[in-house]
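S.K.: Here are the chains, one letter per residue:
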Amino acid sequence: MNMEQVVFYFFAAMVLVSAFLVVTMNNLVRSIFLFFVTLFSIAGLYIFALADFVALAQVVIYVGGVLVLMLFAFMLSNKELLNDLKLTKRTALYNFPAILVSVIFLFILINVIVISKPENLNWLQNRINWLQPSDNSVHQIGIQVMTRYLLPFEVVSILLLMALIGAAHIARKDKI
Amino acid sequence: MIPLAHFLIISAILFCIGLYAVLSKKNAIQVLIGIEFMLNAGILNFVAFSKYDRINSGGQVFALFAIVLAAASVAVALAIILNVYKKYNTIDPSKINELRD
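Chains as they are written, first to last, in my numbering: chain A, 26 to 201; chain B, 131 to 231.
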């Protein structure tokens, strides 16, 4: 086992353990801070898939934007909301259907992955098209966004504008 | 070189953890975190496959789009949750059973 694998499986274990703790923890603020650890470790996994720019975007947008938004929205809003957030303990029996559905779904997904053998897919066999660690992927992404994926890019920008206006409209205080 | 199947299995487990949170949690914020887990599992799949697509790099570009959409959805969802709390005094999704008045 070389260094790359050790670090990869360390990050993978950190993602899964912290994600599991996030959904089982009873304290909401603590689980949001653990969510932070999960997102950071997922960014580490992106680096192992040779997507350094996506990892950076994950850290900037998710960790810097989404999490701070979540924390601010609930710490700066009214106090009763925070008092109301004390989570009630649930019995295992109450959660049983959800556990059953997710375990069955996990079983199906892993079964599909094992049967389909993604390594042997036809379109993955072309070795010239494999990303190398020395490649400048940011350069390539920049060119592709402005040429091949220009329409999705514009659609996303319009949608982002709509979400921005919509969120500001919904969150304002006075009645319309 | 990490095999592709390991990325897929990690993202499958992450997706199921998110699914469990969406199905079982009694708090809209935790449901939102579960949705974020599921989105992240999807993005991890995009990125894992983009390792084999150097020329078009479609996986990475669409992973970026998905990250942007997730950020937008969180902003709107938090605004909605705050308004729902103002109206119903609870954010338990199973207790919110009417749309208006």
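Among the hints, a few may not be true.
Across the chosen pairs, the derived CB separations fall in these ranges [stated by the list, open to error]:
#, chain 1, residue 1, chain 2, residue 2, range
1, B, I185, A, A196, 16 to 24 Å
2, A, R197, B, L229, 14 to 22 Å
3, A, F97, B, M131, 52 to 60 Å
4, A, V54, B, I132, 32 to 40 Å
5, B, K216, A, L184, 22 to 30 Å
6, B, N219, A, N145, 18 to 26 Å
7, B, S224, A, A38, 30 to 38 Å
8, B, I210, A, S182, 34 to 42 Å
9, B, M131, A, L96, 34 to 42 Å
FYI, nobody ran anything at the bench for these hints, they're computed from the structure. Every residue gets a Cβ at the ideal spot worked out from N, C-alpha and C, and that includes glycine.
S.K.: Take the hints in turn and mark each one as holding or not.
M.R.: Do the hints match the structure? See the list:
no.: 1; hint: I185(B) / A196(A): 16 to 24 Å; result: violated (43 Å)
no.: 2; hint: R197(A) / L229(B): 14 to 22 Å; result: holds (20 Å)
no.: 3; hint: F97(A) / M131(B): 52 to 60 Å; result: violated (41 Å)
no.: 4; hint: V54(A) / I132(B): 32 to 40 Å; result: holds (34 Å)
no.: 5; hint: K216(B) / L184(A): 22 to 30 Å; result: holds (26 Å)
no.: 6; hint: N219(B) / N145(A): 18 to 26 Å; result: violated (56 Å)
no.: 7; hint: S224(B) / A38(A): 30 to 38 Å; result: holds (34 Å)
no.: 8; hint: I210(B) / S182(A): 34 to 42 Å; result: violated (22 Å)
no.: 9; hint: M131(B) / L96(A): 34 to 42 Å; result: holds (38 Å)
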